[in-house]
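Chains as they are written, first to last, in full-length UniProt numbering: chain A, 1 to 206; chain B, 1 to 206.
Treat each hint with caution, since some may be false.
Because identical chains cannot be distinguished in the list, a pair is counted as satisfied if it fits within a single copy or across any two copies.
Claimed, not checked - When the alpha-carbon atoms are kept at most 25 Å apart in a straight line, the in silico SDA-like pairs for lysine to any residue are as follows: (1) Lys143 / Ile36; (2) Lys179 / Arg31; (3) Lys18 / Trp165; (4) Lys197 / Arg146; (5) Lys85 / Gln105; (6) Lys23 / Gln132; (7) Lys179 / Pro189; (8) Lys179 / Leu25; (9) Lys179 / Leu99; (10) Lys23 / Gly194.
Bear in mind the hints are in silico, worked out from the structure with no lab data behind them.
There are 2 protein chains.
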Amino acid sequence: MNRRGLMLVICAPSGTGKSTLIKRLREEFPRISFSISYTTRAPRAGERNGVDYHFVSMENFRSLAAEGFFAEWAEVHGNCYGTPKQAIIDLLEEGQDILFDIDVQGAAQLRENMEEGCYVFLFPPSMAALRQRLENRNTDDDKTIRRRIENAPGEIAQSDQFDYWIVNDDLDYAYRLLKSVYLAEGTRPCYMPGLPKWIMHRKIDA
Amino acid sequence: MNRRGLMLVICAPSGTGKSTLIKRLREEFPRISFSISYTTRAPRAGERNGVDYHFVSMENFRSLAAEGFFAEWAEVHGNCYGTPKQAIIDLLEEGQDILFDIDVQGAAQLRENMEEGCYVFLFPPSMAALRQRLENRNTDDDKTIRRRIENAPGEIAQSDQFDYWIVNDDLDYAYRLLKSVYLAEGTRPCYMPGLPKWIMHRKIDA
Chain A
1 MNRRGLMLVI
11 CAPSGTGKST
21 LIKRLREEFP
31 RISFSISYTT
41 RAPRAGERNG
51 VDYHFVSMEN
61 FRSLAAEGFF
71 AEWAEVHGNC
81 YGTPKQAIID
91 LLEEGQDILF
101 DIDVQGAAQL
111 RENMEEGCYV
121 FLFPPSMAAL
131 RQRLENRNTD
141 DDKTIRRRIE
151 NAPGEIAQSD
161 QFDYWIVNDD
171 LDYAYRLLKS
181 VYLAEGTRPC
191 YMPGLPKWIM
201 HRKIDA
Chain B
1 MNRRGLMLVI
11 CAPSGTGKST
21 LIKRLREEFP
31 RISFSISYTT
41 RAPRAGERNG
51 VDYHFVSMEN
61 FRSLAAEGFF
71 AEWAEVHGNC
81 YGTPKQAIID
91 LLEEGQDILF
101 DIDVQGAAQL
111 RENMEEGCYV
121 FLFPPSMAAL
131 RQRLENRNTD
141 DDKTIRRRIE
151 NAPGEIAQSD
161 QFDYWIVNDD
171 LDYAYRLLKS
181 VYLAEGTRPC
191 YMPGLPKWIM
201 HRKIDA
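Whenever a hint applies, use it, and build me the whole structure from the sequences.
Here's what the structure looks like:
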C-alpha cells in the first residue's frame, strides 16, 4: 500500500513563533521535506543551484509562470520566487510529506492550484504580545516592526481560509497541537488509498 | 471566547483494540465525557437512573424515537438503546467534548442527524491478526468469535464514511495517532468561533 505524502502549509503573522515551531517539527520528523523554489535572485555564497534554489533568469521565470509551472509565486523586493507544481506532485506521489513556510497570499495560491493540503494558521495570543515579541527579538528596526504589526490584522483576517487554528500562547502546547495536526492529518483516508482492500487482502494471505 | 465541544466518534471491528485505546484516551483526558443513553433494558445491580442510563419503558422509547428525540438508536437482543440529540447539543454548546464508542450503523445515524463530529475508524493490522486477538482474549465462545470475524469485512467496507483511519498494528503508535486526531480536531475553526475577532479585541485592550 502506497501512502500519499501530505502538504503541510503553515502561515502566521511575523513574530508569532512560526520559525521556532517549524524547527522543532523538522527536528522531530526529519522525513518532512521542503520543496526547492525557483528564484531570480543571484545565488549567495555557498548556495548551490538545484539544492538551495533553482536559479533562473527573470525572462525564464516569467515564461515558466505564464505556462502555469508554479503552484504559487510572488515578487519580493524585485526578485521572484516560485514553487514548481509538478515537482511537488511527484514528491507527494512518492509518499513525501512537504512543509510550506509561506505567507497568506502564497497559501491562497497553493490552495487554488493544488487540490490537497492541510492549512494551518498560527495566531499570536494577542496583538500586544505580538508587538512585545517583535520588540524583544531585536532583529528588526522600528520601521520594520511597525510594518509587521500593521500587516498582522490583514493576515489574521484571512485566517478563515485555513483548516486549523493554533494560538501560540504556550510554546510547548502550541507545538503539541501542531504535531498533532501533522500526525492526525496523515491518517485521513485520502493519504491511504486502498487501505480496506489491503486489510481484506491480508485475510487471504493468512 | 467560548470553545465548542467536539464529538469524537470511534468505530472498529470487535477485537481491534478499541476499548483499550478509549480507556487510555479517557485516562489522559478526563475532560472527555460520554453521553448518557436511554435504554429499555432493566437496570442491573448498582446502575442508577440518569447516571448510567436513562431507563424508560418500550412504549416511551418508541414514542421518543418517533419524535426524532434520538441522534441514533438501535435494538440489540430485544432491548433498545438511544442517544438523546438535544442533550448532546447542550453539552457541545457548553464546550464539553463527547466520546461515542459505537457501531458503524450508529455512527452512520449520528453523521446523518448531527451536522458535526469527527469520525475515526480503527483497523486491525490484518484479518488474521483480528482472529488471533479474538481467540487469545478468551472472553467469547467459538460461535461469537466466528460471528465477530464474519461481521468485520462488512464493517471495514463502511470505513470510507469515516474522516480518519488508524491501523492498530502497534498499540502505542495507534494511541499516539488517536490522541493526535482528538487534539488536532479541536483546533478546527468550527470549534473556535470568533477567534480572529478575539485576537483583534485584545489589541484594543493592550
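TODO: First find the shortest C-alpha distance between Lys85 and Gln105 inside one copy, then the shortest across copies, and answer within, between, both or neither for a cut-off of 25 Å.
DONE: Cα proximity of Lys85 and Gln105: one copy only (16 Å, versus 41 Å across).
TODO: Give the relationship of Lys179 and Leu25 under a CA distance limit of 25 Å: within one copy only, between copies only, both, or neither.
DONE: both (7 Å within a copy, 17 Å between copies)
Task: Up to 25 Å CA-CA - Arg146 versus Lys197, copy category - done: between (56 Å within a copy, 21 Å between copies)
Open item on the list: I want to check one pair: Lys23 and Gln132. Are their C-alpha atoms no more than 25 Å apart within a copy, between two copies, both, or neither?
Closed with: within (22 Å within a copy, 42 Å between copies)
Open item on the list: At most 25 Å between alpha carbons: which applies to Lys18 and Trp165, within, between, both or neither?
Closed with: within (13 Å within a copy, 29 Å between copies)
Open item on the list: Reference check for the pair Lys179 and Arg31, CA-CA at most 25 Å: within, between, both, or neither?
Closed with: both (13 Å within a copy, 21 Å between copies)
Task: Intra/inter-copy verdict for Lys179 and Leu99 if alpha-carbon distance must be at most 25 Å - done: both (12 Å within a copy, 22 Å between copies)
Task: Status of Ile36 relative to Lys143 across identical chains (alpha carbons, at most 25 Å) - done: neither (31 Å within a copy, 58 Å between copies)
Open item on the list: Cα distance capped at 25 Å. Does Lys23 pair with Gly194 within a copy, between copies, both, or neither?
Closed with: Answer is neither; intra-copy 33 Å and inter-copy 29 Å both fail.
Open item on the list: At most 25 Å between CA atoms: does that hold for Lys179 and Pro189 within a copy, between copies, both, or neither?
Closed with: Both ways: Lys179 and Pro189 sit 19 Å apart in one copy and 17 Å across, limit 25 Å.
Checked against the numbered hints above, the structure violates hints 1 and 10; every other hint is satisfied.
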